[in-house]
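First to last, the sequence lines map onto chains C and G. Here my numbering is used: the first residue of the first sequence is 1, the next is one more, and so on. Here my numbering is used: the first residue of the second sequence is 1, the next is one more, and so on.
Hints should not be assumed to be uniformly reliable.
[Claimed, not checked] Label pairs and their in silico Cβ distance ranges: (1) 298/G <-> 25/C: 34 to 44 Å; (2) 24/C <-> 39/G: 50 to 60 Å; (3) 127/C <-> 316/G: 41 to 51 Å; (4) 24/C <-> 76/G: 58 to 68 Å; (5) 18/C <-> 9/G: 40 to 50 Å; (6) 18/C <-> 15/G: 50 to 60 Å.
What the hints contain is simulated information worked out from the structure, not anything from laboratory work. Think of the CB as a built atom: it goes at the ideal place given N, C-alpha and C, for glycine as much as any other residue.
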Amino acid sequence: MKEYFSNIYTALVTIFIGMKVTLKHLFVPSVTIQYPDVKPELPERERNRLYVNMDDCIGCDQCARACPVNCIQIETTKALPTEDLGKTSNGKKKALWVTGFTIDLAKCCYCQLCVFPCPTECIYMTDVYEFSEYQRSNLIYDFVTLTPEERQQKRDNLEKFNAEKEAEKLKAASEAKPKTETEPKKDQPKE
Amino acid sequence: MMYDYFVDLFGNTVIAGIASGILMSLLPLFIFILPYALFAVLAERKVSAHMQDRLGPMRIGWHGWNQTIADIIKLIQKEDIVASDTDKPLFNFAPILVFAGSYAAFAAIPFSSYYIGSEVDLGIFYIIAVTGLVVAGILMAGWASNNKYSLLGSMRSVAQIVSYEIPTMLVVLSLVMVSDTMSLHKLSEMQTGYFWNWYIFGGPGFTLTKFLLIPSMLIGFLIIYISTLAEVNRVPFDIPEAESELVAGYHTEYSGMKFAMFFLAEYANMYAVSAIVAALFFGGYQSPIGYLGNLLGVEWLIPIEQFLWFAAKGLFFVFVQMWLRWTLPRLRVDQLMAVSWKYLIPIAFVNLIIIGFITLI
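My request is simple: use the sequences and hints to build the entire structure.
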């Protein structure tokens, strides 16, 4: 009999205690972040989409070599001696046209290993993490600021320059031909 | 009643006839139940969300207030799936029966002193009888679905509703003994004046019986609230549709508008039982603090105020139902039966006898 009434008592009391708790939570500010409208605050050293500041890039290829998944492809073209490409923001002289710099972000593993070797600190992680695409090919980012025509022009310029140099060399060689023939070749092993 | 109100308001019998006719036929369904259900479904989601420190629907309209309307549009568009092994006539008839049962209960509920669907003298008796149709509809749905979860759910539901009707009726009976009437309209009229005339505070008049009745009335209120909670299958008595055990109980196989009818009936039922509790113990449509209409001398404002008071009281108890839902865990089947047969029924019975003795003096 005593148990019967104590059961009723505990039931009622615990129900009211529970109701008090839930009522309190009704007025607690919610923890929901309204994601697309409100972005959550990311940690300080978060690693997201890579960005390359091409003004500072000297085309040294160190980032591509550091990449464990080979997602960075760099193509450089030597600048002509007459061209002045200027300097990077930390004073390094640029000597190469970077005619190709693509990062395949579908392959990128966000390890940040490419960021540290960069001598001019031109490749870095941004805070952009919303860049999904329907086509995988759209995830191959091209960072080169030159237009395709300009790139072709740089390559052609270099080719032309090299051809001219070659022609000059040939000319010089043909002029000095008798001389070279008399001299024994240095790097040929003697028998 | 409605007619008299409009005659007083317009002074023209023809306009009054048309206006009261339109309102009488449309008020419960289109002016009350549907907007209420839209509101209650959203409120349920919002209350549950905020109790768990979430936000709930936020994207459709301001704080998601259009969410239920969007849901209804989706439900209307959905394909009406009838599985091949169901008992088709019963399967199609069950949602109609369930909805009719809960809708019929609104006929005897007084929304204001000028509006009651049908002023039957057996008001509360009629409500308890007609909600029996819901039980039949639920069993029909479970059986006709030809699905073990549906059948289990409906069996549990029927067992639960039948056993919890007993304490409900015992409490109603004690109220009938005190007030000498079964009409909810007359019951509400008796509790006129201020809130200390409500039956939860012992009823009208300052007599010895009033003060003797207060503890019994409090116990009676608790019992009827618990048992009506079980009758509408709300948590903690939601074993008929226990998601983690039975998929969705008796409406597992239903989709589209048939499911929506079950849903609507469920929410209409929630309001119906809250309204009964409000009418029996909390003065029905009577204002606890007097009327603005009386204060300003505007007669026609009073019934509208009464309607608002009644809606507010009902919605408050609906809110408490939602509040309990996010507070308490579900009962086991044996615990459920124990609560009804070992606790509620004996206490309600003793309470009935005590109230009987008090009303004798």
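Each hint, compared with the structure:
1. The hinted window of 34 to 44 Å between residue 298/G and residue 25/C holds, with their beta carbons roughly 42 Å apart.
2. One distance hint, 50 to 60 Å for the beta-carbon pair residue 24/C and residue 39/G, is violated here, with the actual separation near 24 Å.
3. The hint said 41 to 51 Å for the Cβ distance between residue 127/C and residue 316/G, and at roughly 48 Å that hint holds.
4. Between residue 24/C and residue 76/G the CB atoms are about 39 Å apart, so this pair departs from the stated range of 58 to 68 Å.
5. Range check, residue 18/C to residue 9/G: Cβ separation about 48 Å, and the 40 to 50 Å hint holds.
6. The hinted range of 50 to 60 Å is satisfied by residue 18/C and residue 15/G, whose Cβ atoms lie roughly 53 Å apart.
Going through the hint list in order, the structure does not satisfy hints 2, 4.
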